[in-house]
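Novice: Each chain, written out:
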Amino acid sequence: MARNTNLRWRLPLTCLLLQVAMVVLFGVFVRYDADADASWRQEKQLRNISSDLENEFYYRYPSFQDVHVMVFVGFGFLMTFLQRYGFGAVGFNFLLAAFGIQWAVLMQGWFHHLDSRRRYILVGIENLINADFCVASVCVAFGAVLGKVSPIQLLIMTLFQVTLFTVNEYILLNLLEVKDAGGSMTIHTFGAYFGLTVTWILYRRNLEQSKQRQRSVYQSDLFAMIGTLFLWLYWPSFNSAVSSHGDAQHRAAINTYCSLAASVLTSVALSSALHKKGKLDMVHIQNATLAGGVGVGTAAEMMLTPYGALIVGFFCGLISTLGFMFLTPFLESRLRIQDTCGIHNLHGIPGILGGIVGAVTATFASPDIYGQQGYPKEVQTSRIQGKFQVFGLLLSLAMALVGGLMVGVILRLPFWGQAADENCFEDEVYWEVPEESSAGHAPEDPTLKPPAVMVSSGSPAFSPVLVS
Amino acid sequence: MARNTNLRWRLPLTCLLLQVAMVVLFGVFVRYDADADASWRQEKQLRNISSDLENEFYYRYPSFQDVHVMVFVGFGFLMTFLQRYGFGAVGFNFLLAAFGIQWAVLMQGWFHHLDSRRRYILVGIENLINADFCVASVCVAFGAVLGKVSPIQLLIMTLFQVTLFTVNEYILLNLLEVKDAGGSMTIHTFGAYFGLTVTWILYRRNLEQSKQRQRSVYQSDLFAMIGTLFLWLYWPSFNSAVSSHGDAQHRAAINTYCSLAASVLTSVALSSALHKKGKLDMVHIQNATLAGGVGVGTAAEMMLTPYGALIVGFFCGLISTLGFMFLTPFLESRLRIQDTCGIHNLHGIPGILGGIVGAVTATFASPDIYGQQGYPKEVQTSRIQGKFQVFGLLLSLAMALVGGLMVGVILRLPFWGQAADENCFEDEVYWEVPEESSAGHAPEDPTLKPPAVMVSSGSPAFSPVLVS
Amino acid sequence: MARNTNLRWRLPLTCLLLQVAMVVLFGVFVRYDADADASWRQEKQLRNISSDLENEFYYRYPSFQDVHVMVFVGFGFLMTFLQRYGFGAVGFNFLLAAFGIQWAVLMQGWFHHLDSRRRYILVGIENLINADFCVASVCVAFGAVLGKVSPIQLLIMTLFQVTLFTVNEYILLNLLEVKDAGGSMTIHTFGAYFGLTVTWILYRRNLEQSKQRQRSVYQSDLFAMIGTLFLWLYWPSFNSAVSSHGDAQHRAAINTYCSLAASVLTSVALSSALHKKGKLDMVHIQNATLAGGVGVGTAAEMMLTPYGALIVGFFCGLISTLGFMFLTPFLESRLRIQDTCGIHNLHGIPGILGGIVGAVTATFASPDIYGQQGYPKEVQTSRIQGKFQVFGLLLSLAMALVGGLMVGVILRLPFWGQAADENCFEDEVYWEVPEESSAGHAPEDPTLKPPAVMVSSGSPAFSPVLVS
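Residue numbers (the numbering used here), protein chains in the order written: chain A, 1 to 468; chain V, 1 to 468; chain L, 1 to 468.
Heads up, a few of these hints could be off.
Remember, identical chains collapse to one label, so a pair may be satisfied in a single copy or spanning two.
Straight-line Cα separation of at most 25 Å, SDA-like style, residue types lysine to any residue; simulated pairs [unchecked claim]:
no. : residue 1 : residue 2
1   : K387      : H112
2   : K387      : F315
3   : K276      : L173
4   : K211      : E432
5   : K44       : E56
Keep in mind the hints are simulated off the structure, nothing from the lab.
Model the full structure from these sequences, guided by the hints.
Specialist: Below, the structure written as structure tokens:
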């Protein structure tokens, strides 16, 4: 089924339309938060603040930058593991995230200001972090459909997913008053099952025709490690970025640090144990090592204790590696869920686990642990809070499945410029890819013809199915 | 015209001479700022400061580190897009920036202390940021001459450009009292037109002989994306790093974040629209997406409003992509300006645009917007400030052109070790480049001879013109 | 001598055993520090703290993140320079560091709490930084044995080296009351001579059989530059991360910045001067440029003055490059010390130099320089402090040599899964390495057979010695 993948008018119009809409909506709705407004100096006097450092900027900016790096460098490079989809991985992630953060600022702003009844959405550093969080869930879902969708489909998916994310987040955090500092439920569980449902709807029957390109090569695995490491390193910032000032932020960072460290060792252990020659698999090192960060997302700011965090990371690393080994092939062959990056193993199961850990930890919260002041008074009993945490998790799952179904159906429409099955995971479809001059990086010799067959973009396997 | 590119004595002597000069001048002139001096504890008591956090270090250090990463990783890797000039891109950038920051600390220190009449230049975190800013303008200019100059030429260019930058900056910021938080005028406009003038003077008639190496390859484009993303991500820190404490710093970060997001979408839109098959071009994604950061440089800390920032980014992305498509070829073929990285599109035009945006925004500043306290009293009327902003922009342009002319003429002297036209964009000229062992990354087989012709550094196209 | 490199049971059991031990020990011994505990709100009232910003988190978290990046991205990617050991470099570094930080938290906690006689180790942000510091010394030692040891050996080395590091650190900082902010002695000298002793014990007679793989290729040198630059950029954070609040932290960052800048220029100078055609060598740019950070480690927070720091960096760059040129070959051929990354040149000699600089600077400390309050009262005279600094340096050396000897002997045991001499520096031994599909990144042509001989993992040079 040859499709028209020439996006010459469709992609530019989509981008420009969305960006113009953003400009207009920002013009109507968005202004600076008090801490970012020139009126801050009066504000300071009114609120009797003595130091500029009390500006929210100084509490959150370093964490914000780390989260920002995770979304663009972390997710972007993590997905460059495919041998011929590096441009798409890092470039489309860049595109969807740049649009997504704008749309998320608006959506989250509208919902958050439902309560305050202010005229404007007032934007400060915390909004920027929350927008990055929201987009992180889109990046997760992108992992499931990586290599199989067009940039237009990604923009449409971002538009809808950000919307649904915000509704779900609002219900969880504002109505159910659920705790979810690092977003095990709102970001990871939601993002993963949304993406899995979308890729299920977009099932490609003949995907084994691009099987070869679905593998990595040596260099692409190293590029992916850039993504892995920045995700791993900055995850403590992610889980603590919007926690309360002081001890909560501090504790969230420590818990995440512990959990992540543990999941590295258990990922390595299982990766070796599951290989018949005991060799390590880069897929596990790139992904399962991060599962600890997902699993501790909800409970990060709670009094989980450092060893509690280690235990969470321990099991997340194990389960995630097992998932890559056994569950991903099963999902693909039996349930027709083609999950390019294995997000089910990195975000799906650890996300659910994280939600459960959060519910359990909340259930056992008591004034003995948190102190009279630290203990959240508004929640009547810990047990009720624990129940609400479970409701939140189930709701996130339901929203993801229903939302993914709807969005998947929209994305199945045949005119979004998606590639044919045999051209998936291939940058040439949407990118001007430079020709390789010769095998190695040797100085060119004009008297030698380049090895034309190997580098020609007109090789039989690829070109016949392209429609220009 | 074969030239001697053996730098064995010239480069070491230049480096050592410059570094010895730095040591001596630092010894005579540079001491610690009060906030970095052991006397800080007395200082605290005198100034009645209660908390160590009031040390300038805590206000600026995270921003400093981000700016530092931009200069060395951002600019360095952005320029690795050439297939055979990765060592030169990242290595020479490293060299010139390491020298430049030292020289900038001195130059900026002398000028800034003209007023204070202190005996010493007192160095604190803000000096380090300003030194990085100054060097950023050299990195911009480096982009124009990338691959065509020797490291000695780069050190000389750095020496002079830092000097001129500081003079220009002093006139703008201290005499004209122009606002330029993120350096649209002082850094980008100045750096770009300085670099363009230099490359114009250094015009190479037969550069098409190394045309092949002026292209990217798949991996080099991915390396360049590391540079792009870190520049893009940390640009909010760049534009806010030296703004006033509190709301100004906060606002500058938000404005830059918005502007950058918008320019990603418009860059992608035009990149696709300008390709006959609608394919995206990595050059645009690597560069034009950053134009929003340049364009909002001057106005970042002003009350530009978030949607104002989006509009700036919107047009910067558009214009920059158009520039890469139409202006760069025109400049090269008609005006003999060979601009390797297309800095005119990323820093030149967006820089001018940023200067104009700043002038307009300043003109419309009023106590209504800034509040009585926030509104800069020292400036009599906003209109006058707006005029001064325009003067500042024009002066930066003039300084860049005159300075670039002078420095270009110096760099044309034949004994700086520059390569012949046919050896440009080639690391082998100045670097010990490892031989490729074989085509892929296969374990070597000693019974197989390596494909000698392709990897030999003595291949006809390259070696005959080298003089050792 | 064919050895069994199949780690299928040994590696998983080692990892799981260590991780379970960590969980148990954390459960028994580790709790949150007051600043990270829910009781912080009461603590604030008791200590009469007005602002959440006084939480230690805000003083140290940005520095912590930078140090964290250095350990995992910096050291990890710096070691990817080998053409076929990128997975091992970045992956094993990830593994050992993830284990090491947990073990270091415990070890350092026990020693540090010897004094306080508290029941628990209380973990806060400063513990996390110190754990990263400790692991950095293991990463240093890893550089010496890179490519020649199995991951099991690395975990065992980490276990012992962290233990010895902590003992040494305790004696230096707590008993001798030596100053060593950036760890010239405790981290670099100790780590380097420990690693060199281990590699000396593990001498491999026939290592020249894998000589070819001990070289870099073009792309691997660029990956290594990612490591270099992040180490270089964040080194000011490293040296200032645990300094006293305020001026000391500020000063440590400035000194390190200066020293590092100087060592770039002298490294480049000597690299060019020592090559017969004046070409630069990537090994020097990747490593010797960092020597300035090592050399200023002990004295970073002292009143070294900016030009003092420049002088330190000046000589560190020179000596380090000379070391790579002359000392490494000498050590290998005469003393049988096979130092893969040349850690002797980057950490060994500059570390000793740093210790001496610290001793000299401490000797000349006086109330004139530090002020009555800044001057450490507890130390009776500066001269005594200087002497203690020298003792500290000598002790670090002695601990490294004795400890390295013991650990080396343990690692020589034949059942840790180490590879044969001819398979060193080869990822295929411990990693599932993706096959290269074809020479360039060309779309595959199924009608063309891949160049089987070159990519087959069964090539004669490699496979016969593998035991599965």
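Novice: Give me the numbers of the hints this structure contradicts, sorted from smallest to largest.
Specialist: Those not satisfied come down to hint 3.
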